[in-house]
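Enquirer: Sequence:
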Amino acid sequence: PQSVPCAGGHRCCPRGSRCGADGESCVTDLGTGTRGTDGHGDPLPVSAAPRAVPCPDGQSECPDDATCCVTSSGAWGCCPMPQASCCADKVHCCPHATVCDLTRGRCVSPSGDADVPLSAAFPAWKRRPPAPVALRQVLCPDGRSACPDGATCCQLAPAQYGCCPLQN
Numbered sequence: 001p002q003s004v005p006c007a008g009g010h011r012c013c014p015r016g017s018r019c020g021a022d023g024e025s026c027v028t029d030l031g032t033g034t035r036g037t038d039g040h041g042d043p044l045p046v047s048a049a050p051r052a053v054p055c056p057d058g059q060s061e062c063p064d065d066a067t068c069c070v071t072s073s074g075a076w077g078c079c080p081m082p083q084a085s086c087c088a089d090k091v092h093c094c095p096h097a098t099v100c101d102l103t104r105g106r107c108v109s110p111s112g113d114a115d116v117p118l119s120a121a122f123p124a125w126k127r128r129p130p131a132p133v134a135l136r137q138v139l140c141p142d143g144r145s146a147c148p149d150g151a152t153c154c155q156l157a158p159a160q161y162g163c164c165p166l167q168n
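Heads up, the sequence shown is in UniProt numbering, so the first residue is 1 and it goes up one at a time.
Be careful, since some hints might not be right.
[Stated by the list, open to error] FRET-style restraints, in silico, Cβ to Cβ:
#1 Gly-150 to Asp-64: 42 to 52 Å
#2 Val-108 to Arg-136: 48 to 58 Å
#3 Lys-126 to Pro-82: 18 to 28 Å
#4 Gly-74 to Gly-150: 30 to 40 Å
FYI, nobody ran anything at the bench for these hints, they're computed from the structure. Built from N, CA and C at the ideal position, the CB exists for glycine as well.
Starting from the given sequences, assemble the full structure and let the hints guide the process.
Expert: Below you can see the structure in the form of structure tokens.
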């Protein structure tokens, strides 16, 4: 299968999926995940391994359905919901499209139609170091660009190639 480049050209998804709104995940009709094939071309099940959202420090990460927020200690924490609003107290957070009302201990929407309790963030974990890059390279069709072995050349523009971290 071939890879599909996402906007910005920094990520790719396997054919049959599309880039998620976060620009970091691939979405299939079955949900979020990356599908591969076995040696016979049959699809493998969507991976059960949790995906992660990298935090801005580059060293911490949160589960895919969480949001990184700075905690009162200065470390990164995870709000247990996607695209959440981090509260100024650096302890709590609110669902997307709501704001923190710390005086009332509530999350409220600007229109006033949502009013839910604040959620507490939990500690983020340290990212695993990236896998070592193979020394062998794959030459791209333009004859000038190359990608690490195990990656796929993706055409980003008529005369420009990028490397997708997916094989074939």
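Enquirer: Taking the hints in turn, state whether each one holds.
Expert: Comparing the hints with the structure gives:
1. Judged by the Cβ atoms, the range 42 to 52 Å given for Gly-150 and Asp-64 is violated: they are separated by roughly 23 Å.
2. The given range of 48 to 58 Å is respected by Val-108 and Arg-136, whose C-beta atoms sit roughly 56 Å from each other.
3. The supplied range of 18 to 28 Å is met by Lys-126 and Pro-82, whose beta-carbon atoms lie about 21 Å from each other.
4. The supplied range of 30 to 40 Å is met by Gly-74 and Gly-150, whose beta-carbon atoms lie about 37 Å from each other.
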